[in-house]
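Colleague: Using the hints, put the two chains back together into the complex; each one sits in its own frame.
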Amino acid sequence: MSLKINALTKSLWVFHAACSPCNNCDIEILDVLTPRFDAERFGIVLVGSVRHADVLLVTGVPNMKTKDTIKALHAQAPKPCLVVAVGGCACGRVMFRDSYNSPCDLDEIIPVDAYIPGCPPKPEAILAGVIKLINKVKGKE
Amino acid sequence: MSHKIVVPIGPYHPLQEEPEYFRLYTEGENVVDIDIVLGYVHRGIEKLSESKHFDQVPYLVERICGICSNSHPFAYVNAVEDLAKIEVPERALYIRTIIAELERLHSHLLWIGLAGHFIGYNTVWMWAWRYREPVLDMFEMITGNRQHYAMMKVGGVRRDILETDVPLLKKTLDELAPAADMFKGAVMDDPVIHARLKGIGVLTKEQVIEWCVVGPTARASGVDIDVRRDDPYGVYDKIDWNVIVQKEGDVFAKAVVRILEMYESISIIRQCVDKMPKGEIDANVKDVPAGEGIGHVEAPRGECFHYVRSDGTNRPVRHKIRAPSYVNVASNKVACVGGTISDAAITLAAVDPCYCCTERTAVIDRQTDKKILNGWDLVRLSQEKTQRLKK
Ligand code: SF4
Numbered sequence: 001m002s003l004k005i006n007a008l009t010k011s012l013w014v015f016h017a018a019c020s021p022c023n024n025c026d027i028e029i030l031d032v033l034t035p036r037f038d039a040e041r042f043g044i045v046l047v048g049s050v051r052h053a054d055v056l057l058v059t060g061v062p063n064m065k066t067k068d069t070i071k072a073l074h075a076q077a078p079k080p081c082l083v084v085a086v087g088g089c090a091c092g093r094v095m096f097r098d099s100y101n102s103p104c105d106l107d108e109i110i111p112v113d114a115y116i117p118g119c120p121p122k123p124e125a126i127l128a129g130v131i132k133l134i135n136k137v138k139g140k141e
Numbered sequence: 142m143s144h145k146i147v148v149p150i151g152p153y154h155p156l157q158e159e160p161e162y163f164r165l166y167t168e169g170e171n172v173v174d175i176d177i178v179l180g181y182v183h184r185g186i187e188k189l190s191e192s193k194h195f196d197q198v199p200y201l202v203e204r205i206c207g208i209c210s211n212s213h214p215f216a217y218v219n220a221v222e223d224l225a226k227i228e229v230p231e232r233a234l235y236i237r238t239i240i241a242e243l244e245r246l247h248s249h250l251l252w253i254g255l256a257g258h259f260i261g262y263n264t265v266w267m268w269a270w271r272y273r274e275p276v277l278d279m280f281e282m283i284t285g286n287r288q289h290y291a292m293m294k295v296g297g298v299r300r301d302i303l304e305t306d307v308p309l310l311k312k313t314l315d316e317l318a319p320a321a322d323m324f325k326g327a328v329m330d331d332p333v334i335h336a337r338l339k340g341i342g343v344l345t346k347e348q349v350i351e352w353c354v355v356g357p358t359a360r361a362s363g364v365d366i367d368v369r370r371d372d373p374y375g376v377y378d379k380i381d382w383n384v385i386v387q388k389e390g391d392v393f394a395k396a397v398v399r400i401l402e403m404y405e406s407i408s409i410i411r412q413c414v415d416k417m418p419k420g421e422i423d424a425n426v427k428d429v430p431a432g433e434g435i436g437h438v439e440a441p442r443g444e445c446f447h448y449v450r451s452d453g454t455n456r457p458v459r460h461k462i463r464a465p466s467y468v469n470v471a472s473n474k475v476a477c478v479g480g481t482i483s484d485a486a487i488t489l490a491a492v493d494p495c496y497c498c499t500e501r502t503a504v505i506d507r508q509t510d511k512k513i514l515n516g517w518d519l520v521r522l523s524q525e526k527t528q529r530l531k532k
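One line per chain: the protein sequences are P and H, in this order.
With the numbering used here applied, the first sequence covers 1 to 141.
With the numbering used here applied, the second sequence covers 142 to 532.
Chain H extracted, bound-state conformation (with noise of 0.2 angstroms):
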């Protein structure tokens, strides 16, 4: 039985709608290791960044995720608001919670309907995009793009929301709070999704604290983790709200932590609506002086961390990010071993992974394993494609 077949997920694969390849050693039925191959959505944003001016950053950091579209922003300003020492008009940190939340609504709810079609239940992918449409309306009205809102700015966000926006708002979160109950039935009481997500892809506390796993996949596993409580931005400390946290660390256990962070997310909308002060939205930042600052958000995947660095002109110097699939599709390769191949598509999709967030790139030479470039050739490489562009 040492006769290892290799199954291929990817890159393209109908599962993902990403490109992202995965080997999976086979014996027999199970999977005793995998291989990650990353590299299929890398576009060098962090050394794109460098030349942008820092007001033009958010749309660029925005367009590293479409589902995370605004937790990179977010992370952005608030690193350049630490280095900065701005002070944000209190109605912006409302306004970006609220599109944060907004945000972790309909990204769970896409998680939920992809899983759904993970294992061939599609009524629940059908159902649960149906429901996300509705939050797609409001960011259409509040920020005018069902995607890719472009809310936030250095100093405060970009478009202020409208007394008569409220009203809408408020009903619509009416709405889906019957649609969250129904899917926590759909999911809780459902037997078959029983018998395939529990005990499936197990990861134990011990594992996720060694790989550094994130986010709900983290507190799916009892690790009691979370940026908005721990080190809180926005208004998170100004409202009244619980993190979520689930002891089994299967991907039954996933998706019950995202379906019940779905209300708070709902009853934290709703609280930043009520309690929303008037005033300015933005503190109008005229210069970004010399140093360096970190933030870091909640993205609905985990904790989302961007780094700038600053030597007083218009443009950062340096600007790092981590996205939270960084470090949570690399826990795969302990929660898929052991498991049946057919088990494999959900807990790969259990993490919630987005690939395009989590790209990095070397290039090795296959002979040695050496890597041939390393940083000061990519900025030659830069270099020499921005003469040949001038040209």
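Okay, chain P solo, but in the shape it has when bound (with noise of 0.2 angstroms):
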């Protein structure tokens, strides 16, 4: 395993982007952090800017205002980036697809490693998610 994987997969920061959510998968991420769930003791914690991340955690549908911010977004953070699609919203823009705002999926604009479904997912397949992600980066199955 490179230094670089192994110092990636050892605490991950994590920040959070909300494309155009309802709000409620964003809830769930912040609640994985809250005491019940506890990612702390992974070593995952919440960081304010995206220059710090290692993760990004993308929730929603892309809109016509946040398919430019996301990608700058992504831009702007240091690679290697894993990328996160948190929600049914951000994995295939559910019953948003016909809407004559949301021009097109998220895993078109950037690239995506993990997707979580649900609406919203349980904080438990959040992080479920997350350990499979880490895991799968470490290159064990």
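It should be emphasised that the hints constitute simulated quantities derived from the structure, not laboratory data.
It cannot be assumed that every hint is accurate.
[Said to hold, decoys possible] With a Cα cut of at most 30 angstroms, we get these calculated BS3-like pairs of lysine-lysine:
no.	chain 1	residue 1	chain 2	residue 2
1	H	Lys474	P	Lys67
2	H	Lys526	P	Lys71
3	P	Lys79	P	Lys122
4	P	Lys67	H	Lys193
5	P	Lys67	H	Lys339
6	H	Lys526	P	Lys67
7	H	Lys531	P	Lys71
8	P	Lys67	P	Lys79
9	P	Lys122	H	Lys193
10	P	Lys71	H	Lys312
11	P	Lys67	H	Lys312
12	H	Lys532	P	Lys71
13	H	Lys312	P	Lys122
[Claimed, not checked] Okay, the calculated bits of chain H under chain P, using three or more residues with CB under 8 angstroms as the criterion:
no.	region
14	196–210
15	281–291
Where is the CB? At the ideal position from N, CA and C, for every residue including glycine.
Modeller: Shown next, in the form of structure tokens:
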């Protein structure tokens, strides 16, 4: 395992970017950090700037306005930056597919490494998704 | 000192969970003006709603906002029931009220936590969200989902509250009351919170009326409005409860209103559980006739208003939504100006803003400031998109 991957997966710093969500996925992400689920025991911390982040958690359907901002945000992140699509909206737009303000899927804008479906996914699912991603990056199946 | 510096907050800012952009114009440390840029969360729900069946719309409007995900469907079913003159079974009304008050509990706890986070008091955040979890467990027990409960249905509710659920519900409420006491103590007696919140972001009664502010934000400024009492829906007219009003209008008063409302919610749910009659939970509505109806509910953030027009088919031909944050967020223009930059964050958060409810969209020509797209253009755009999808 390269030093880079080893360092990356030790303690993931996540930045949470909302494309155009209904807020619930975002709340469940914050919920993962609060005492009952306590993601900090795995070294997962929410950071204030994408420039400090290892993982970008994206929620919601991209709309005309956020599709450019999310692209810029991803460009600002230090690479390698893992992108996780949290929620049905970010995974495949679900019921907003037909909206006039929803131009494309998230993975058409930025590369996505993991998809966590659910509306909203339960905190357990978010944790499980992130752990699976870590294991995949480390090369374990 | 006329040199104004712009301090941006957003669109992706650690203090906000939603993308929203505030431009603070500052002189020194003082905020002299503020610009609110919306549009990051617009999804065109009103238009989407016109393509859904009357029974599908509650699922859609539920996804307007995750925190008030009961208030929007509640207002919508009220509107359709007003349109079609449907008698809803008594038990269903009680269940609706219980769910609405549970939602207020979880939403106010969430706000207390976030407010603590915004002033750098993360202990409050962690504690508030810890006590919010049992409320979510109740939702999971009753409705099957932690969020997005999918309980509302035209003519009734989708799931019953079982006899076996009641003891646990009561136990949770009993445990929540001491937690509310703790928050009351933590907020009302803490000198640091007093120093940070008192006299900050003041909205006077006149400003509240001028800016049409609703909900706890208005009640904290001495404006005694509450849809639950002024135009009762559900079973609020059969229950004994009080509207909480404070006079000061600062952020502290807004926190106090929300904390005291939690006690009222606990009491309302207790009374509902005791008084709930047995019987049907659904009126089995078949058709919705032509006509128009309105429905409003007191969401945790204020009055949520829905208007539905039907032409006798199985879809609404017009569905207009006005969420409480739409008016509350605009009041930041007066609340923030005159304060300092460090107080701006908590002042912006004090209205408990929910941007995903608020979003409207307009396409404007930057040179002439004229609107480029009007309503009919949007209809044309969506028709074109449907054509493309059909291909
Ligand atoms: S997936 Fe569901 S909960 Fe998440 S943002 Fe979309 S509508 Fe909201």
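Colleague: So, for every hint listed, does it hold in this structure?
Modeller: Results of checking the hints against the structure:
no., hint, in the structure
1, Lys474(H) with Lys67(P), "28 angstroms, holds"
2, Lys526(H) with Lys71(P), "24 angstroms, holds"
3, Lys79(P) with Lys122(P), "28 angstroms, holds"
4, Lys67(P) with Lys193(H), "26 angstroms, holds"
5, Lys67(P) with Lys339(H), "40 angstroms, violated"
6, Lys526(H) with Lys67(P), "18 angstroms, holds"
7, Lys531(H) with Lys71(P), "29 angstroms, holds"
8, Lys67(P) with Lys79(P), "20 angstroms, holds"
9, Lys122(P) with Lys193(H), "27 angstroms, holds"
10, Lys71(P) with Lys312(H), "48 angstroms, violated"
11, Lys67(P) with Lys312(H), "46 angstroms, violated"
12, Lys532(H) with Lys71(P), "29 angstroms, holds"
13, Lys312(H) with Lys122(P), "24 angstroms, holds"
14, 196–210, "holds (count 8)"
15, 281–291, "holds (count 3)"
Of the numbered hints given earlier, the model fails hints 5, 10, 11; all others are met.
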